[in-house]
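Given these sequences and hints, build the entire structure.
Single-letter residue listing:
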Amino acid sequence: MTGKLQKAVKRLWKDAEGFVLPALFGILIIAFWEKKVFHALLGVKVLQLPIPSRITAVFLENAHRMAPDSLATLNTALSGMILGSLAGFAVALIATMFPKWGAGALTLLSAMNAVPVVALSPIMNVWFADAESAKTAVVAIVCMVAMAANAFRGMNDTKQFALDLMKSYAGSKRQIFLKLRLPNSVPYVFTGLRINVAAAMIGAIVSEYFSPASKGLGYGIRNRLSTGQFPLGWAYIIAASLIGIALYAAVAALERWATTHRQV
Amino acid sequence: MKTGSLLSNEKLIPCVWTIGLAVLWEGVAFILAEIVQDQMAGMRLPYLHDILITLFQNAGFLAGASATTLSRAILGFAAGAAAGFLLAIAMSLYSRLEKALYPYLLLSQMIPILGLAPVVVSIVRKAQIGPYTIAASDITRVIIAGYITFFPVATNMLSGLKSVDRDKRNLMYSYAAGKPTVYAKLMIPFCVPYLFTGMKIAAPLAITASILVDSLGAAEGIGYNLTYALYTGAYPVFWASVLCSAALGIAGYSVAAFFERICLPWKTAVQKKEAGV
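Top to bottom, those sequences are chains B and R. Positions in the first sequence are counted from 1; adding 2 to them yields the numbering used here. Positions in the second sequence are counted from 1; adding 908 to them yields the numbering used here.
Watch out, some of these pointers could steer you wrong.
[What the hints assert, rightly or not] Restraint-style ranges between C-beta atoms, simulated for each label pair:
1. Leu1001(R) with Ala59(B): 36 to 42 Å
2. Tyr1081(R) with Gly173(B): 30 to 36 Å
3. Pro1097(R) with Pro54(B): 40 to 46 Å
4. Leu44(B) with Ser1003(R): 27 to 33 Å
Hints in this document: simulated from the structure, not taken from any laboratory. Glycine included, every Cβ here is placed at the ideal spot set by N, Cα and C.
Here's what the structure looks like:
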């Protein structure tokens, strides 16, 4: 009897471990932070590294003030991501239609992707009179390249036998594209989207650091920190992280829906 | 017939594209400056040849700034990659550690890590760094580059360690090999390709991080040149700095890819074979 009970407890623990251990680790870190252990280790003042309870309080107090900034960043990140991903997909499509030249163009495009957001942001600020469009353009450019590269791989990493089969059925280029290349690219497109979620948030926030418009989470983070409002700066960082996680979860849900839908 | 054989050359097509892009650049710059007579043409899109001339005229200055940014990025990259490597091995050794930390590794991919850059800038600048005279901005660059490198390296290395064949491990154990031997002879060599995948993702990120710190408040480096040239209206210098920072990003990736080719010659051979070259 006791043996059975022990086994049941053991099994329960094994299931729970995946939740309990990370939770314990998180609590431990927050407790150390709260009790100023990190401050002592790093020689940082509480003023510069506010303790979690203070950040939480400030976060809740200022939620209404952070909401417009969060919405602005979310708007920039989402619209830039959608525009950029669509453009990237179109580029991949054209590159697939002209494979010989397309692959070379994609190589060049990924080299252009090496231009860091920090340099892209001021260029876009002079190209667009409107600060909002400039930020969206930065995000769109960053997202376009990752999507183009992934979608192109998806459209061209087809199984050789599938391609041969299509040809043996005298499938036209159009049919091969619609029935083989396009479905094949779906998981790759989602990989691109998942990369783009993180890239879009970073692109939006970094271009807000340099944007003349005084709104958005990036502006909030930089402005609060440079004026010494450290707890509020941290609250902004937490808001940015929460939005990042929410966007990622949304894309993951979309991916699950699209991939299960396909298998019917 | 001759052009056909030339065009089939894999190396030639990117060259044609590059030249085409340069011609397009010059053309658009000409339209902006001469036909539209845009006041901001010098900033929007100056002539490519003007930028290149500026690049050569200021070669020493720009190279020095790039070297500052690059060296800090490399230092941070090396530290972050080493930490990520060690953590992945520790996590594969102790499954409890893996369970405790893995969700946080996943989470790290979703949060905008560069959002933390101003925090580190503000903390490090004001903290006392002891008797050594290391500029605060240098430490900041190393910390952020290391931090951003750490996650992709740790995640990829861990996924490598997890995909080692069970049979191979069992064989090693049946030969009574201890854990250190199993790791030295099987696990770590097996994971090298995964490690390089992580490093190739991280290298451009580390350089972006270093440039960001330059422009957030350092007094040197290529990112500082970017912002300074922009404020003083030295647009050719600004554009030359943009080209330099792009070159740094490409260099970061190429260096990682170069070491990959040295360490894993068979991988490139397999890729070439698959590609039918």
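Checking each numbered hint in turn, tell me which of them this model violates, lowest number first. Violated: hint 2 alone.
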